[in-house]
Amino acid sequence: MPIQQPESQLATSIRSIQRKQVVQFLLDNGLFIAFVLEVTLFAIAVPEMFLRSRTIEAILRLSGPAGIVLASYTITLISGQIDLSTAQVGGMASLMFAAVFQLLEWPLGVALALTVVLTIAVGLLSSYLIQQGIPSFVSTLAVGVVSGGIGFLIINLAKQPGMIRLVRPPLRDIANFEVAGVPFVIPLMFVAYAIGWVVLNQTKFGAHIYALGGNPAAAALNGINAVRIARIVLVTNAVITGMAGILIAGRQLAAQPGVEGLGQSLTAALFAGVALSGGSGKIERTLIGLLFLSTLTIGLGILNVSAPMRQLINGLAFVFAILLDSIRQQMATR
Amino acid sequence: MASDEVILETTEVDKSFGAVHAVRSVSWKVYRGRVNALVGDNGAGKSTLIKLISGALQPNSGGFRVHGEETRIGGPAGAFNLGIAAVYQDLALVENRDVVMNMFLGSELTRGPGAIFLDHKGMLQQAHNVLDDIHARIPNVREMVRNLSGGQRQAVAVGRALIRGGEIIIMDEPTAALGVEQTQEVLQLIDTLRGQGKTIILISHNIQQVFEIADYISVMFHGEMLGTRSRDEATEAEVVAMIMGKRSP
Amino acid sequence: MKSKRYLLAALVIALAVLTLAACETQTVEVQVTRVIDVTATPRAMTFHDAAAIEAETAPHQCQPLASLPTEFSQPWRLGFINPNLAHPFFGEWSGAMKSAAEFYGVEFFESDAAGDYATEPDLLETLLLNDLSIVGAHGPNVYEGLALRALDEGIQFIGIDNGPSEYTPIVYGIPDGIAGMRGAELLVEGVRKRQAEDWAGRELFFIELTHGGIPACVTRTGSAASTFKEAFELDDDHVLMADLTTGRSAEDMVNDTMTAHPDGVFAMIPCWDGLGIGPYNAVTEAGNEADVMLVTLGGDEPPAKFLKTRPMGYYGFIEFQPYCEGWGWVEVALATLEGLPFETYQVRKAITQETVDQRYAELYESE
Ligand SMILES: Nc1ncnc2c1ncn2[C@@H]1O[C@H](COP(=O)(O)OP(=O)(O)OP(=O)(O)O)[C@@H](O)[C@H]1O
Ligand SMILES: [Mg+2]
Numbered sequence: 001m002p003i004q005q006p007e008s009q010l011a012t013s014i015r016s017i018q019r020k021q022v023v024q025f026l027l028d029n030g031l032f033i034a035f036v037l038e039v040t041l042f043a044i045a046v047p048e049m050f051l052r053s054r055t056i057e058a059i060l061r062l063s064g065p066a067g068i069v070l071a072s073y074t075i076t077l078i079s080g081q082i083d084l085s086t087a088q089v090g091g092m093a094s095l096m097f098a099a100v101f102q103l104l105e106w107p108l109g110v111a112l113a114l115t116v117v118l119t120i121a122v123g124l125l126s127s128y129l130i131q132q133g134i135p136s137f138v139s140t141l142a143v144g145v146v147s148g149g150i151g152f153l154i155i156n157l158a159k160q161p162g163m164i165r166l167v168r169p170p171l172r173d174i175a176n177f178e179v180a181g182v183p184f185v186i187p188l189m190f191v192a193y194a195i196g197w198v199v200l201n202q203t204k205f206g207a208h209i210y211a212l213g214g215n216p217a218a219a220a221l222n223g224i225n226a227v228r229i230a231r232i233v234l235v236t237n238a239v240i241t242g243m244a245g246i247l248i249a250g251r252q253l254a255a256q257p258g259v260e261g262l263g264q265s266l267t268a269a270l271f272a273g274v275a276l277s278g279g280s281g282k283i284e285r286t287l288i289g290l291l292f293l294s295t296l297t298i299g300l301g302i303l304n305v306s307a308p309m310r311q312l313i314n315g316l317a318f319v320f321a322i323l324l325d326s327i328r329q330q331m332a333t334r
Numbered sequence: 335m336a337s338d339e340v341i342l343e344t345t346e347v348d349k350s351f352g353a354v355h356a357v358r359s360v361s362w363k364v365y366r367g368r369v370n371a372l373v374g375d376n377g378a379g380k381s382t383l384i385k386l387i388s389g390a391l392q393p394n395s396g397g398f399r400v401h402g403e404e405t406r407i408g409g410p411a412g413a414f415n416l417g418i419a420a421v422y423q424d425l426a427l428v429e430n431r432d433v434v435m436n437m438f439l440g441s442e443l444t445r446g447p448g449a450i451f452l453d454h455k456g457m458l459q460q461a462h463n464v465l466d467d468i469h470a471r472i473p474n475v476r477e478m479v480r481n482l483s484g485g486q487r488q489a490v491a492v493g494r495a496l497i498r499g500g501e502i503i504i505m506d507e508p509t510a511a512l513g514v515e516q517t518q519e520v521l522q523l524i525d526t527l528r529g530q531g532k533t534i535i536l537i538s539h540n541i542q543q544v545f546e547i548a549d550y551i552s553v554m555f556h557g558e559m560l561g562t563r564s565r566d567e568a569t570e571a572e573v574v575a576m577i578m579g580k581r582s583p
Numbered sequence: 584m585k586s587k588r589y590l591l592a593a594l595v596i597a598l599a600v601l602t603l604a605a606c607e608t609q610t611v612e613v614q615v616t617r618v619i620d621v622t623a624t625p626r627a628m629t630f631h632d633a634a635a636i637e638a639e640t641a642p643h644q645c646q647p648l649a650s651l652p653t654e655f656s657q658p659w660r661l662g663f664i665n666p667n668l669a670h671p672f673f674g675e676w677s678g679a680m681k682s683a684a685e686f687y688g689v690e691f692f693e694s695d696a697a698g699d700y701a702t703e704p705d706l707l708e709t710l711l712l713n714d715l716s717i718v719g720a721h722g723p724n725v726y727e728g729l730a731l732r733a734l735d736e737g738i739q740f741i742g743i744d745n746g747p748s749e750y751t752p753i754v755y756g757i758p759d760g761i762a763g764m765r766g767a768e769l770l771v772e773g774v775r776k777r778q779a780e781d782w783a784g785r786e787l788f789f790i791e792l793t794h795g796g797i798p799a800c801v802t803r804t805g806s807a808a809s810t811f812k813e814a815f816e817l818d819d820d821h822v823l824m825a826d827l828t829t830g831r832s833a834e835d836m837v838n839d840t841m842t843a844h845p846d847g848v849f850a851m852i853p854c855w856d857g858l859g860i861g862p863y864n865a866v867t868e869a870g871n872e873a874d875v876m877l878v879t880l881g882g883d884e885p886p887a888k889f890l891k892t893r894p895m896g897y898y899g900f901i902e903f904q905p906y907c908e909g910w911g912w913v914e915v916a917l918a919t920l921e922g923l924p925f926e927t928y929q930v931r932k933a934i935t936q937e938t939v940d941q942r943y944a945e946l947y948e949s950e
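Top line first, the protein sequences correspond to chains A, B and C.
In terms of my numbering, the first sequence is residues 1 to 334.
In terms of my numbering, the second sequence is residues 335 to 583.
In terms of my numbering, the third sequence is residues 584 to 950.
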């Protein structure tokens with residue numbers, strides 16, 4: 001009899017540990033479960049249309065340029081910086097490129113180089129503001145507004161109707177280049193991810209990025225140069241975002257101020273378990289986060305869900321992603 | 335103990351934060367291979383003084399002698415080069431990283447050209463060796479630091495100091511947040527380090543603990559260094575009086 | 584276990600949204616069995632007649648743009664990216680396209696860019712999954728990219744109000760030159776009336792409200808300006824332009840022009856309704872309503888509603904008849920697929936303060 005008391009207590013504590021493990025398991029693997037669930041749901045709802053290689057290709061097409069950006073965006077987030085300027089920087093870069101390449105008809109290399117210089121400047125501006133002690137999400141928000149302004153300025157100076165046509169070869173052929181029937185941005189995206197993985201996991205720089213994002217004070221006390229890392233990360237992100245903007249513009253044959261799809265990076269990364277506060281997350285998972293969102297877009301499109309409803313669902317996905325992040329934080333500090 | 339060798343000395347070191355004069359013209363000797371305790375009331379300036387020594391802060395005036403040589407401590411990296419390594423009050427650990435990466439934080443081993451790629455194997459090996467040396471009980475060095483106990487964390491931070499080649503190891507209130515058992519573990523660790531010839535600077539509020547482990551006891555009061563006593567000559571009452579601001583004759 | 588409760592709540596929300604989305608779903612016919620009748624012998628073709636279509640499209644009474652057979656060679660599947668279903672003008676397109684597709688017995692798939700042209704390339708990817716025979720969009724910014732992508736899939740692209748380009752040889756939509764001319768003719772009529780009254784002997788200016796970067800606008804308002812200029816034999820100094828590509832608002836530009844010529848009277852034609860009504864309201868606010876006369880181009884519900892309030896200087900509008908424009912797109916698409924000829928879309932209707940009440944009742948108050 002006396003032996004039963006401690007045993008039942010033990011049982012409750014085991015159950016509580018198990019419960020915690022279940023939640024942790026869901027947090028760690030929820031994305032995969034959700035992705036599988038999502039695919040299953042769409043496959044049941046519209047089997048003939050959904051279960052086709054064409055649909056998969058469409059999902060990958062949507063993910064391509066956004067995925068390239070997401071790879072560097074994930075690294076930025078892990079370093080503790082939230083970059084809210086991607087959509088505008090992508091747009092600005094594509095407009096700059098289009099103005100120089102299409103309207104001035106300068107060589108491709110020159111147009112690319114000028115665009116890279118502009119995006120580097122934008123990245124430097126963000127990192128300068130952050131260095132002044134302004135939080136990254138405020139700094140990059142402001143820089144995003146500036147970039148949008150530069151984009152519109154370019155359009156106005158060029159007297160163009162809200163966009164610049166981009167049809168001059170060879171860009172058109174490069175942007176639409178296909179490898180074995182697949183747009184080359186898709187393999188390029190996987191390459192970007194591979195590079196991102198190596199940087200984060202196999203280099204000293206990556207170790208410092210994790211340290212800086214996880215505990216900036218500790219990183220500084222151990223001789224890690226936070227300013228330098230933030231600068232490299234933000235500049236790289238701006239340049240890659242700019243290049244993705246050009247790729248998108250090249251496919252659309254038009255450069256525009258805002259680039260659709262690049263803004264989803266934050267949702268995708270949070271879904272994948274990258275912490276909003278920085279310092280943790282696995283880059284390979286963000287790819288699944290992105291595929292989840294692209295599949296959602298395509299699936300809802302196939303189901304012919306109305307535009308307001310789609311926007312609502314995208315908004316809720318973002319809310320859900322933030323919520324997940326906060327639950328993860330709570331679990332971590334327990 | 336009069337024969338003890340001075341390994342580090344501050345000369346009239348001064349530091350202010352705006353109107354707060356945190357460290358006032360402190361001249362202080364730290365003895366080699368000994369546990370040098372630094373005590374004082376809250377806000378006395380202990381943490382500020384050791385941050386000056388470890389290069390985390392720069393003094394407004396005054397200088398340092400290490401191994402008898404006049405020197406400038408140009409920052410954390412400069413301090414490492416002089417063999418000074420601090421274990422800060424908050425340990426400066428990155429919760430989401432594992433034990434190995436924390437021990438090598440900022441001084442990661444690399445391989446290949448350009449010192450770009452991490453030498454994961456080498457770091458793992460060396461982390462094991464260092465932790466074994468200090469008899470740390472950490473079953474899995476791939477465990478995230480966030481899942482470690484207070485004593486284990488202290489060992490990780492000390493391990494980092496040793497990996498840096500720390501000869502002078504500064505520990506700021508290492509037992510402040512720990513229970514009885516883990517406190518004993520840390521004291522054991524300090525003893526082990528002393529046994530290996532390391533110099534230890536220990537900040538503590540626990541007078542009994544200080545008398546238990548320290549060789550020298552220095553007292554700060556309102557930014558000033560009131561004096562240093564050898565443990566064997568000092569009494570607890572005297573030290574407590576000094577902490578309250580009573581200057582000894 | 585607080586976090587678990589959060590997680591549960593989040594899951595419930597997600598499920599609720601998915602269910603909602605599922606309910607929201609309009610029934611999509613998944614008709615992938617595309618039967619192509621290879622053994623068919625040449626049939627005697629019968630054609631829809633124009634009167635039937637005029638009756639079918641009442642009260643809009645659209646003229647068919649092509650004579651289409653009652654039976655097509657294949658079960659065609661049409662797709663269109665509507666720029667914004669919530670916009671009354673484009674909403675009319677949508678209703679008309681669906682009705683036309685039903686009338687002609689073909690499948691029609693639509694997606695909604697909800698006002699954001701930048702989303703159209705992504706929407707096209709989804710729309711293409713419906714194995715379309717032809718696709719269209721109103722995407723002034725991106726139509727060439729859309730057309731190229733469609734060609735990639737081996738199908739034609741017919742945009743509305745954009746083109747031509749090397750990817751879309753077919754131009755469909757408002758004939759801009761004619762639309763501008765019709766607008767100017769209506770404005771000339773209105774100005775003549777005023778000149779017989781309070782504008783007698785006043786210095787007359789024409790303001791072209793346009794967007795220099797949109798070719799359609801340049802053609803539209805340019806044709807209006809030259810028609811108007813000729814009618815009143817104005818010199819170049821009296822034909823002014825307010826161009827949005829300068830980065831300034833139309834309201835400011837019009838007000839500044841009027842301030843610069845305090846004794847003048849001003850006749851205006853904008854590229855689209857809103858581009859005229861905005862400055863008109865600004866002028867009214869500045870107390871100069873008596874010195875302007877406006878004719879707009881487009882004429883969907885909002886300008887009609889405004890005209891019903893009898894603003895002193897808003898003479899009328901040229902109605903683009905969005906319903907007929909949408910209906911006609913289906914006919915042009917089907918004619919293209921069948922290899923049949925088709926006509927250009929025409930704008931015919933001029934609405935003034937005298938006719939607006941009746942027209943409004945016809946279009947928006949029936950049933
Ligand atoms: N970065 C700083 N900026 C401004 N004032 C500071 C800063 N760091 C310390 N101080 C001030 O300097 C004085 C000495 O602080 P310090 O942290 O050195 O004291 P301490 O002896 O370590 O106290 P405790 O025992 O509470 O840790 C205090 O008044 C403190 O508020
Ligand atoms: Mg302190």
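No lab work stands behind these hints, which were simulated from the structure alone.
Bear in mind the structure is a predicted one, so any value in this text is a computation, not a measurement.
Even for Gly, the Cβ is constructed at its ideal location relative to N, Cα and C.
Errors might be hidden in some of the hints.
[What the hints assert, rightly or not] Taking CB as the label site, the calculated pair distances span:
no., chain 1, residue 1, chain 2, residue 2, range
1, C, Gly698, A, Val138, 48 to 58 Å
2, C, Glu685, A, Ile44, 23 to 33 Å
3, A, Val138, C, Lys888, 25 to 35 Å
4, A, Ile44, B, Arg476, 37 to 47 Å
5, C, Pro747, A, Lys159, 30 to 40 Å
6, C, Met895, A, Ile174, 55 to 65 Å
7, A, Phe177, B, Asn415, 30 to 40 Å
8, B, His556, A, Phe152, 38 to 48 Å
9, B, Gln542, A, Leu37, 56 to 66 Å
10, C, Lys776, A, Phe152, 38 to 48 Å
11, A, Phe137, B, Gly408, 25 to 35 Å
12, A, Leu37, B, Asn415, 53 to 63 Å
[As the list claims (entries may be wrong)] Using 27 Å as the maximum straight-line C-alpha spacing, the simulated BS3-like pairs for lysine-lysine come out as follows:
no., chain 1, residue 1, chain 2, residue 2
13, A, Lys204, B, Lys455
14, A, Lys159, C, Lys776
15, C, Lys776, C, Lys812
[Stated by the list, open to error] Residues of chain B placed beyond 12 Å of chain A at every Cβ, according to the derived structure:
no., residue
16, Asp338
17, Ser388
18, Glu429
19, Asn436
20, Leu443
21, Asp453
22, Arg494
23, Ala511
24, Ile541
Evaluation of the provided hints:
About 28 Å separates the C-beta atoms of Gly698 (chain C) and Val138 (chain A), a value inconsistent with the hinted range of 48 to 58 Å. For the hinted restraint 23 to 33 Å between Glu685 (chain C) and Ile44 (chain A), the CB-CB distance of approximately 29 Å keeps it satisfied. Our hint of 25 to 35 Å for Val138 (chain A) and Lys888 (chain C) is violated, since their Cβ atoms are close to 43 Å apart. Checked against the given bound of 37 to 47 Å, the beta carbons of Ile44 (chain A) and Arg476 (chain B), roughly 41 Å apart, stay inside it.
The hint said 30 to 40 Å for the Cβ distance between Pro747 (chain C) and Lys159 (chain A), and at roughly 21 Å that hint is violated. The hinted range of 55 to 65 Å is satisfied by Met895 (chain C) and Ile174 (chain A), whose Cβ atoms lie roughly 57 Å apart. Range check, Phe177 (chain A) to Asn415 (chain B): Cβ separation about 52 Å, and the 30 to 40 Å hint is violated. His556 (chain B) and Phe152 (chain A) have their C-beta atoms about 60 Å apart, which leaves the hinted 38 to 48 Å range violated.
At about 60 Å, the CB distance of Gln542 (chain B) to Leu37 (chain A) agrees with the hint of 56 to 66 Å. Range check, Lys776 (chain C) to Phe152 (chain A): about 41 Å between beta-carbon atoms, so the 38 to 48 Å window is met. Distance hint check: the CB atoms of Phe137 (chain A) and Gly408 (chain B) are about 34 Å apart, consistent with the given range 25 to 35 Å. Checked against the hint of 53 to 63 Å, the pair Leu37 (chain A) and Asn415 (chain B) passes, with Cβ atoms roughly 55 Å apart.
Restraint check for Lys204 (chain A) and Lys455 (chain B): satisfied, since their Cα atoms lie roughly 14 Å apart, inside the 27 Å limit. The straight-line distance between the Cα atoms of Lys159 (chain A) and Lys776 (chain C) is roughly 37 Å, outside the 27 Å bound, and the hint therefore fails. Taking the CA atoms of Lys776 (chain C) and Lys812 (chain C), the gap is near 17 Å; set against the 27 Å cutoff, the hint holds. The Cβ of Asp338 (chain B) sits about 29 Å from the closest Cβ of chain A, beyond the 12 Å cut-off, so the non-interface label holds.
At roughly 8 Å, the least C-beta separation between Ser388 (chain B) and chain A is not larger than 12 Å, which violates its mark as non-interface. Annotated as non-interface, Glu429 (chain B) brings its C-beta within 12 Å of a C-beta of chain A; the closest such distance is 6 Å. Interface exclusion of Asn436 (chain B) from chain A breaks down, the closest Cβ pair being 8 Å apart, not more than 12 Å. With a closest Cβ-Cβ approach of about 9 Å to chain A, Leu443 (chain B) is found to fall inside the 12 Å limit, against its non-interface label.
With a cut of 12 Å on Cβ distances, Asp453 (chain B) falls inside the contact zone with chain A, its closest approach being about 10 Å. Not every CB of chain A lies more than 12 Å from the CB of Arg494 (chain B), the least distance being 8 Å, so the non-interface label is violated. Distance to chain A confirms Ala511 (chain B) as a non-interface residue, since its nearest Cβ pair spans about 15 Å, more than 12 Å. Separation of Ile541 (chain B) from chain A is adequate, the least Cβ-Cβ distance of about 28 Å exceeding the 12 Å criterion.
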